[in-house]
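*Asks:* Take these sequences, add in the hints, and give me the full structure.
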Amino acid sequence: MSGAFFPIATLSTSLVAAAIIFLLPEGALRARTVLNLAAAVLKIGLVAWMVRGLSQGQTYAVEFPVLEGLAFVLRADALGIMFAGLSSLLWLFTTIYAIGYLEDSPNRRRFFGFFSLCVASTLGISLAGNLFTFLIFYELLTLSTYPLVAHRGTPKALAAATLYLRFTLTAGLVLMIGMVALHTLAGDIRFGQREILAEFGPEQRGTLIAIFWVLIAGFGVKAGLVPLHGWLPRAMVAPAPVSALLHAVAVVKAGAFGIVRLVYDVYGAELSQALGLLTGLAVVASVTILYASLRALAQVELKRRLAFSTVSQVSYVILGIGLFGPLGTIAALSHLLHQGLMKITLFFCAGNYAEELGIHRIDELDGAGRRMPLTSLAFSVGALGMIGLPPLVGFLSKWYLGTGAVQAGMPWVIAVLVVSSLLNAAYFLPVLYRLWFCPGPDHGVGKWPEERHLGRFETSSWLLLPALATALFSVMAGLLAGLPFTPLEWATRVANLEYLP
Amino acid sequence: MSQEIFAVLMIAALLWPLVLVLRQPLMTALTARGEVRFPLDSLWATAPLPALLLALLGADGSLSLSAWLLGGVWVLDEPRRVLLAFTALLWLLSGWYARGYLAGERDRANAGNGAAASRLARFALLWPLTLSGNLLLLVAEDIASFYLGFAVMTFAAYGLVIHSGTRDALIGGRAYLIMAVLGEGLILGGLLWSVGALGTLTLSGLREGLGNLEHGVWIGVLLWLGFGVKAGVAGLHIWLPLAHPVAPTPASAVLSGAMIKAGLVGWMATLPLGESAASAFADLGRAMLVVGLVGAIGAALLGVCQRHPKAVLAYSSVSQLGMLAALVGTGLLAPAMWPALAPAVVLFAAHHGLTKGVLFLGVGIGEHPPRLPAWLLALLLTLPALSLAGVLGSGLATKWAFKAALYEGDHSALVTWLSLAAVGTTLLMARTLWCQWQGEGQARRDGLVPLAAPMPLAWLLLVVSALTLPLWLPALGLAPAWPPREELFGLWWPVLLGVALALLVGWLTRGRPLRMAGRRLPAGDLWWPLSRGLSRLWVATGPWLVRLAAAKTAWVAWWVALEEAGISALDALGERETWLRRHAAVLMMLVAVGLALALLFSTA
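Residue numbers (the working numbering), protein chains in the order written: chain A, 1 to 501; chain B, 1 to 604.
Misleading hints may appear alongside valid ones.
As the list claims (entries may be wrong) - In silico contact screen, one side only, chain B against chain A (beta carbon under 10 Å); selected entries: (1) Ala7; (2) Leu26; (3) Gly71; (4) Val75; (5) Ser145; (6) Leu148; (7) Leu191; (8) Ser194; (9) Tyr407; (10) Gly409; (11) Gly542; (12) Pro543; (13) Leu545.
In short, the hints are calculated from the structure, not lab data.
Even for Gly, the Cβ is constructed at its ideal location relative to N, Cα and C.
*Replies:* See below:
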């Protein structure tokens, strides 16, 4: 089959699903569920097929001109397909979770419609072949996420969504200015055509550096770089599946992925290093990591703590980009996936506690390990992975970041990593202590804020199974990191493409 | 023996404890509601058995698993076999002992005490998990597996430390965890830095390359201190005397006997001992030596002031590990000596592991004396103490082993210092026995029920295997020599001096001033001033943090105000526009009139 079919088909699974969901009536519960799941499974199949084809050397691309010298390009390269794989896999789990989570709540048609649209934009971002296409989907993502954040319709949710929109729309504007500037300077740069900017002479260096930082400022809002992270902790008022999607796959990751594309596929790692941009990125990332970890320590609400943890952990990706050399690149790319697996597990679990027991604050978690052992186990896996303990995936990221730092000649980054690990331990271990070691309502001390019995197991299986599955993935991807098609192995493959001619 | 059997034994040794971990929730799920099952059944106690078999039957060999983490390599060689054997034996017998020790919990659980039941279930779950970490770090040759084993052991053991859930246990557990996390951080830093610089994935590659690395000595310092948290290096030892007395006795035994040896194993696996190394490593060795001796002697001085026998024993562990650290430091200082010193260090580790295990288990025996004649019980409790002091059995052989090696390398000054530390050990042992004797008298007066059969049996077996360590170790490839008759006085004088001192102090004071000192020097010494100081610091920084938050709020408010000003300016603009629109006709008229007038006058 032709190479144009697969990118379009993958993109349109979610788009068509979104369209049909908007057409279906609100009460068509079963049809919507089947459609959601079928689209998710179909998309995983299509992406898996492209992964297989790519590793056999096939190409998947489609493009058509929009204006003179400006084209709309969809292309599946190794890096893009990695991100597409992550988003389609986690979309399946999030869809299952969302179906369970939103049971008996109003406006489900709107929710799932925009949900599908949001995933379609994420997929578009991952398959985009130049900055122009990237920007289109990037903006689409911004708009399709707004109804999800505002879903509950409470004043708090509306305020958070407005704040989100103000941050991201201004960032989109900045991004567009940067893109236009780059376009005037160098024309349409396809991702991977690193030689275009590399050929510019020293007199253009100042311009290139300025454009780079303008674009970073644009991407940095979604990636939650300090001080542009303000919207992220507020946006956690959204329903749990949305938070999970926002933090693990869609919005935050789109920002980080944009920076990945900018550095590796537009500027190229070598030019960025020569212009001194990478060191700047590493410094910004280090500041973000430490600042957000400190802020996370002070939070008393579970989801807010997780949100600050996201700010900190996503900057590991940026830090990895800042470390020049294959090891740093492997760290950045693999952490893009690893962080997604761990953080989505944590948000699923936080949602489970909220749904089943009405728990929102950390000090209400006492003894929840006895009431909800499997959820708590999954949460522990995610938390220990965030601290960076083996055999979980977080350890691998930290390992490559540390060794990459030495390779890049920046051993001070190791100190940042160690301090960050200590801070992570300081804000996650007390939560685990409360879960497992403090006596709680099931030991006869106090009572749950709002207990419901949602299912035959500790909670509804729709909520429990996705959390367990992603936790299992983050254990297995770490424990058996040497197998082919694990995140680490694929990241190594992409990094080799970048550094080996 | 073929490679396949080796692989099966190796995997079984590491997997069996984990299978037993998974069995616990399964059995709980299968047990009918209302029925209470004793989770520490005899199958549970077999967790370390495959590892013991591996140590006894396995030939030298290695197992590589490319899919495991970053590439797993698990190795069995001579030092590892000895370490594995004593670790597995200690865990096996302590586990058996625990079945008796926790029988009281079982009775409470059977009587419907839910808290006791969940404590038991937790113990049954975490004990094999901790064990699996301990075993993995011993056989691991790749750095990732080693770190995995170390981390699993460290964090799972937290649950064992706080088993009882009392206030003291929580404080002990907090000290343990805080120090452990700090240690993990230092180790991680050292490992990442060295691995990044060397590009190796194995411990032997790290050890061989570290010596000649630029900044290698700083990596060495990180690793020394990181593993030093576990090995109770003076200053980082504060968790030991806090965590040991509160943990259940079998857990204290494995903590002090097997787990703190992980620090020593870490040093031996990563520091460039016996390799040609940059001269800076000699300075590191000197530092290790001096700090080790400070710990060895200082811990003895602090330990004799303690009242709880387990706290005394914990300080004794700090002291013994200080001696070991001094020996490892000597290996860095004089690399040529390491080949002779290494077997002595391994022997020391095995001897201390088993003997300290016996002494800890003996504390439990002393608290609940079995039906044995008092003189026999006293003898059995005294023998391991004498062995640790170096009078007989494995202690004598160990002492001779490192003394001979040090004399050969012409380090007689160090021998004197170590002898001084041995005087301290004797005092500590005397103090332990004194505390135990008093405790036992109390127990007999209270008329406690003698405990179930597993306890004395496991203890007796461990007494025998610890004392006869030099007799069965040759079967594992390490043959310690007995000292010649004319050297005996040289080995015994510290003990004689120590006994004389102990008697003198005991006669002079009859216990009172020591008790005063015990009040002034609580277990955990530095922990208390440190935690007080930190909490005061926290209180002092409070206002600053508030000020910082206020500054941030003010900054945000400034921006919001700016925005509001902008909006109101826009509003004002809109109002002007409205005004303009309303009066457009008049204005236009005025303009037209003005223009006409201007035209008129200009032509005029």
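*Asks:* The structure should be examined with respect to each hint, and the outcome stated for every one.
*Replies:* Hints, one by one, checked against the model:
1. Interface restraint check: alanine 7 of chain B against chain A, minimum CB-CB distance 17 Å, threshold 10 Å, status violated.
2. Hint status for leucine 26 of chain B: violated, given a least beta-carbon distance of 12 Å to chain A, over 10 Å.
3. For glycine 71 of chain B, the interface hint holds, since its Cβ comes within 10 Å of a Cβ in chain A; the closest pair sits about 6 Å apart.
4. Hint status for valine 75 of chain B: violated, given a least beta-carbon distance of 18 Å to chain A, over 10 Å.
5. Using the Cβ-Cβ criterion of 10 Å, the hint placing serine 145 of chain B at the interface with chain A is satisfied: the shortest such distance is roughly 8 Å.
6. Evaluation of the leucine 148 of chain B hint against chain A yields a held restraint, the C-beta minimum of about 4 Å falling below 10 Å.
7. About 8 Å separates the beta-carbon of leucine 191 of chain B from the nearest beta-carbon of chain A, less than 10 Å, and the hint is met.
8. Below 10 Å, beta-carbon pairs count as interface contacts, and serine 194 of chain B has one with chain A at about 9 Å; its hint therefore holds.
9. Contact between tyrosine 407 of chain B and chain A, as hinted, is not supported at the beta carbon level, the nearest pair being about 42 Å apart and thus beyond 10 Å.
10. For glycine 409 of chain B, the interface hint is violated, since its Cβ never comes within 10 Å of a Cβ in chain A; the closest pair sits about 35 Å apart.
11. Annotation: interface hint on glycine 542 of chain B violated; nearest CB of chain A at approximately 12 Å, more than 10 Å.
12. Annotation: interface hint on proline 543 of chain B violated; nearest CB of chain A at approximately 15 Å, more than 10 Å.
13. With a cut of 10 Å, the hint placing leucine 545 of chain B at the interface with chain A holds, because the nearest CB-to-CB distance is about 9 Å.
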